[in-house]
Amino acid sequence: MSELLSRRDIDFLLYEWLDIESLTQRERFAEHSRETFDAVLDLSTDIATRYFATHNKKSDAHEPRILPDGTVALIEDIKTALDAYIASGLIAGEFDEAVGGMQLPTTVARASMAFFQAANAGTANYPFLTIANAHLIAAHGTDEQVNRYVRPMLEGRYFGTMCLSEPHAGSSLADITTRAERQADGTYRITGTKMWISGGDHDLSDNIVHLVLAKTPGGGAGVKSISLFIVPKYLTADSVCPQTTVRNDVVLSGLNHKMGNRGTTNAVLTFGDGTYTPGDQPGAVGYLVGEENRGLAYMFHMMNEARIGVGFLATALGYVGYLKSVEYTRARTQGRPPDLSGRDIAPVPLIEHADVRRMLLAQKSYVEGAMALGLYCARLVDEQASSSDPEQIRDAGLLLDVLTPIAKSWPSQWCLLANDLAIQTHGGYGYTRDYDVEQHYRDNRLNPIHEGTNGIQGIDLLGRKVRLHDGAGVQVLTARIAATVQRAQAGDPDAGRWAAQLHNVWDNVREVTTQLVNHNDRRLALANSSIYLDAVGHTLIAWMWLDQLNATGGRRGSFYAGKRAATRYFFTYELPKVSAQLDLLATMDTTTLDMHPDWF
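Under UniProt numbering, think of the first position of the sequence shown as 1, with each following residue one higher.
These are calculated hints, taken from the structure and not from any lab test. All values derive from a computational prediction rather than experimental measurement. C-beta: ideal position from N, C-alpha, C; glycine also. Among these hints, one or two may not hold up.
Unchecked claim - Quick list of in silico lysine-lysine cross-link-like pairs, BS3-like style, CA-CA up to 25 Å: (1) Lys258 - Lys224; (2) Lys79 - Lys258; (3) Lys224 - Lys57; (4) Lys58 - Lys258; (5) Lys79 - Lys58.
Unchecked claim - Listed next, with one range per pair, are the computed distances between beta-carbon atoms: (6) Tyr276 - Glu21: 27 to 33 Å; (7) Gly557 - Thr80: 35 to 41 Å; (8) Ala84 - Thr592: 45 to 51 Å; (9) Thr592 - Asn504: 26 to 32 Å; (10) Gln334 - Met259: 27 to 33 Å; (11) Thr236 - Ala482: 51 to 57 Å; (12) His168 - Asp38: 36 to 42 Å.
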């Protein structure tokens, strides 16, 4: 079996580039060391390889199904894998010791989860969502809610979900119709239907903690009336239900069957249809998180974490496909070099052909660049959590605001292309189920849609994030890029040339950003926000590559030579694409706006 991820690359990114060891000098992480971090990564690799990867194809072939009694049937391997993961304690990795966590840096925890996402996206989704759910409740819930729901989730006894979309309203949350009515005892009764709920029903845990967006009366129009509620599948003993465990009125109405991620149940859930009626009032029992009418703000805590997590998922799937491409093209012999064609010589390995190496280099530049961006964002989270410098904390938050839409969308688009190239390098075999790369592509195809489509991320970046605090996030980002450029210019001529290229492109990005932000027609300014998102994303991945090159320090060997080659590839083949995109944006072209729906 090939590697799930390159451990050598992960070590380079964590220790040689991001200097994660330095975090152990801070109070929050003082009990950890590189030995701790290495042990976590070793354990993650072992469990992911032994328990997750071994049923990836099986869970893809045997999707969840609803049994006559309304329960969900899953292959046993999923629970076996999750039990091993829970027993390791990794599910509590980055949480505070006060709630039973290991207090690991988020950067290490994200790297750990990436091994599971590479091994088996469908099974990894269950703890991935649970961790994000627990983070939200830990941040915004009461002490009682933390004790009742977060602690059991970190023990692996409960799993969690997020319930936003509805059959008629996907990303348009202003149009949700799920209702919440306050009761005399302070609880709420929830009625409505939620759609596309990953991990929405199963028997993998004792309980499922649903975080549900619903509208409360009198809150105003659109999103102003949205509140957030904890709605567990089972109610534990409280004033509503004195019994130890009672089924809440949350019913599985159906399963969605997707082209990938088939091991994850994707549910239609009905709340409060009367199938179960806890207490003497209709509706599912819900517990308010925080204050009424602030639900969307709270949910963004989980959504932003999930968006970066989706970027990691896309990266991991692209990465494992890339490694399998390298392995296959080294072993498979086919054809002869052009200068030796017609001679009586044996076929050469596919990797000897220039076009195959081009496809492998493209994959390498996408997946290793995306991994760097994701871990860089995770390092910013650690800065916020552990720094004693207010300015450092502020800058980390500003950068995360700007980088989050890109960290979600760029890997979702370009690591998916890496999977496409992985199929291509396998030739006809890549299109068959005999090899894994076709499944990796199908699993990854969800991610440009997942947690807000890439189009929504473009609108978020251009319409909101670059404007926040009068563009302070862009200013901090500009300073970081300038520091990388300055360091590279002090290096060898190639690095200096690439640094000048990045400097010029980023200046162009800033000019076009100012033009779009200041345009008086917001509809026109945002019409090509997806192109803007891609242009900025490509520029930032070029920054990631140049910064990695700086971190190599001129060291020799195959690994560092590969880093240099990938940097050269990205600056030669990929970054030049941005100039054409920026030129288009600067024209304020109206083609898409002028196209009438009747003309299609």
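**Item:** Non-conforming hints, listed in increasing numerical order
**Value:** 1, 3, 6, 12
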